[in-house]
Amino acid sequence: MKKKLLSGLVLAILVVLIVPRFSYAINYFDEKLRVQGNIYNFSIFATNLHQDVSQYRNTHWGLFRTKGTINFLAKVVDCPDNSLNFYGMFKWFHEATPDIDERYRESIVPKSRRDFQNPTYRTDDWINELYADYYYGPWNIRAGKQVVFWSEVELIRTVDQINQLDLRYSTPGIDPWSEIKLGLWMLRGFYNSQLPGQLVFEGIWIPGDFQPLRMPLEGSYWGDPPGPPTPKHPPYYGENGAVEAQWRKSKPQTNLAHSSFALRIRGNSEVSFFKTPYTLDWSLSYFHGMNNTPATRRKYLGSPDPSNLDPNTLNGYDNKLAYCRLAGDPLPELPGHRFWNYKFYSIFGATCQTYVPSFGAVLRGEAAFNFRRPEITADPNVTTPDPSTAYSKPITGNATRDIFDAGLTFDKPIRIPWLQHEKMQWLGANGILQTIVGYFGEWRLGDVNNIRRTFAYQQRVQTGFTLTSMTNFKNNEWMLVFRALWNTRKWGYFTPAVAYTPGKHMRYTFGYMKFYAHDVWDFDAAHAKGKDCIFLNFGYEW
Amino acid sequence: MDMKGIRDYVATCLTVLLILAFGIPVLARAGEVTFPTPSYTEQELAKVREWEKTWVGKKVSTENLDQVKDFLSEGVYLAMKNPKSFGADSLWFDVVPYRPYELSKGLIEATKKYAPNSKLDAEEALVNFGEGAGYPFPQPKNGSEMAWNFDSYTKGDTHYVDNFGCVVDCKTRLERESGQPRWDTYWMCRVDAQPIPKIPADKNPRGIFHSFFQKFTAPVDFVDSSMIELRYLDSHRDQDMWVYLNMFRRITRYATDQRTDTIDGTDLIYDDHDGWYTTTMRNTYKFIGRADLLAARHQPNPTSLLGNANTVQRVTGQGFWNGVKRERVNHWIVEVVTKDKNYLYSKQIWYLDPETWQMNFKTMYNRQGQLWKMYEMFYNEFPTVSGEKTTYLSAEHSLDYIRHHGSDSSYRYHKIGIDIPLEQYQTQAMKVKQYR
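Protein sequence lines, in the order shown, are assigned to chains A and B. Going by this note's numbering, the residue at position 108 of the first sequence is 108; the numbering climbs one at a time, nothing skipped. Going by this note's numbering, the residue at position 118 of the second sequence is 118; the numbering climbs one at a time, nothing skipped.
These are computed hints drawn from the structure, not numbers from a lab. Keep in mind that this is a model prediction, so the values were computed, not measured. Heads up, the beta-carbon is just placed ideally off N, CA and C, and yes, glycines get one too. Take the hints with a grain of salt, since some may be wrong.
Calculated lysine to any residue pairs in the SDA-like style (CA-CA distance at most 20 Å, straight line) [stated by the list, open to error]:
| # | chain 1 | residue 1 | chain 2 | residue 2 |
| --- | --- | --- | --- | --- |
| 1 | A | LYS275 | B | ARG206 |
| 2 | A | LYS490 | A | VAL520 |
| 3 | B | LYS203 | A | SER272 |
| 4 | A | LYS504 | B | LEU174 |
Over 12 Å on every C-beta distance to chain A, these chain B residues come out as not near it, computed from the model [as the list claims (entries may be wrong)]:
| # | residue |
| --- | --- |
| 5 | LEU65 |
| 6 | ASP66 |
| 7 | TYR77 |
| 8 | PRO100 |
| 9 | LYS119 |
| 10 | GLU123 |
| 11 | GLY130 |
| 12 | ASN142 |
| 13 | ARG290 |
| 14 | GLU335 |
| 15 | LYS389 |
Work out the full structure: start from the sequences and follow the hints.
Below is the structure:
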């Protein structure tokens, strides 16, 4: 382990020493090839470890991840109406907490731990993006591994569902979206029309490639503690790790039958209300793809009865797993077949943003209608120790439900005269507080009582509010950022942070995260209660 | 005299009276338009040439600065007297001979054509702004007319430049770099590039006056980000601005009414861009006199972030360029007060070049009336694609006298009067050749 750490450190120092001392990207061959990159370390130190968790820790470190990216842009053909470029972005990382904390290491399933510590979850994980980008007049074709961004609203994703997220290490806002999103191999085309409204038509075909959502791993800082129940000796990992292994095994093969499609029209139109002109950026979109979590295969579901201990069925396997953990027996092996199946559904989406002169603010909104989203079911009459969740209920089958999501943000720069006062000029403050207030709502349509969900069980409506505020000091050398989320079901978080950009290369972000929840089963984010921490992200850009 | 004779006599008299009443003022006003307007009369120029015999070719530094104090703006003098405050052991510039600008034929013709009928309304707005071109008031009578002259200059109508610069903390000597290739188009008041004087309304239904598209090439964490801003003819309408931030991979609309935010951490706010970027109507203007000052009007542009030996130059951590080629020019000085009572500056002083009506420098005062900042712009003449010449920035610096902070930048790869497709200023352009 020490050898790995030492290698990483040596690599980081070499990068810092070798790269040129200016902050422009490096260009070669008369700017036909551009190369740039960065190396960062992101660490988390827990400030409020609950005893349920601390028994699986030797230290308070929650994350110690060193990450490097390198990207290139090669201009192969560069004519005004006809050009061909190649773009690639590659990443490497090593998460060192399991190396320095033995109990932490023993809390994670070994196979998952290796892939958690290194970019090996999928063989091409080290490739973030890699594609050819061809332009011919108004046409643009991009072929290769890509990341698509369709969102308008900060911290809220409704229509932006093409690429799933890797949430095992951090949250959006700390790592850039381009690195949190999981790239997919796809063919993407644009037609930039000169029709009224400056319409842009976009089509995407993903020929069978699929990446499910990577949720925080059991035993890791952001994941659940191992269990329940809690074994007294290592290895500690258990049920959630088993589910992760099942889902991973059930991931669909890459073939054309698993293709996803997406279409979007984007426009820029001017409309007048009460004689005031508004320039609207709007889009309409359609996505048909696989849900990011799977449904069961009825053939291998098995009886929901607690006496079913047949490990060849899903319910039987889960029952047996629970008994084995209680008794301290070896965990059952997964059978050769898959328990789960990833199913298709559709999303119809719309986004809009405009500047509103009377408020001096930008209003952004987006809405998505999830049509026939796959769900799994459970008998609501089965009693469990905790009635607010369904994770321990046997699965009875599959269903589909429609879900409507909407988000709205109000983005206004607020001038703070006090910070622009002569006496405060030593601070070099810009005196502007960029403030974004957001609203998010979700409505689950149809009967929700028999839908089996670990979080938000039997809840029909979610309503949340977000706040982001930021301001700069010392000519933007320092930036204060405050983010908060409050859900009407009394859970949320807040994060004050300070970012420091002293010069051309070094970047620092230091902050604190506080999570609160009345009921941790209200939402997956509410489950972060007790994971309060301070964090430091620092790195070198070149 | 018979009745017919009387009628003819009265008609003739009325005609003469009408001509006297309406024609003479017009003719007289037309006769007043003298353009170009060189900085000096022949007699004044002779005196300047005499002075130049002593000073041209000389290096003026912190040590001998007081000998030319009368020809320095307050901001330049203060900075050069305190070089260590701005990260230098000594600050210096070269004196070069005054040279009048060669203005384009289009600018001269447009000014002569439209200026005679230019006038301000009761709110001091230029009547029919955007319909004509050239300088509306070559012989201005007040500060407002000078401000409209400033706003009417289109710098060759279209241009591409690569701006690269540094934000410098002169105390710690830490620098942050920025690189911004930029495309600009004036949709109205055009004098050199067809169509003249404006892009037809069917291609400009939104009434855009000026637009720019900018990419970011530095700092590295901003590479492949871009920005579009549209300024409209309607002075009551706020600009529209979109920013594509590569780290967030989103085209984001920005609120533009709050223009006192700093530009990328420099010492300038959004309103300071190009001297004054927003509508003329936001300020009141008072002409306070003329001043014969040394300014950089034929400044070769550097190609390095630290400058070049034969142009401007500096060392890391220095917020004020050395090696500036300054020549004498007789500026028009205008005191500018923004109508917003809570505005960041209590006043600005614009030093306008008499030949191009652009600012060679401006000084900004805080709310207590202290000199706070200076923005000095170094110009040069650049060829346009139509074979004319136009003036554009070759370098610039801005200083914060209270915090001893500076921002230096320079411009390269000037392409002026080029054909820039109007689609460049549509948000879809931000999706083209940006790597996401």
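*So which of the earlier hints does this model not fit?*
none
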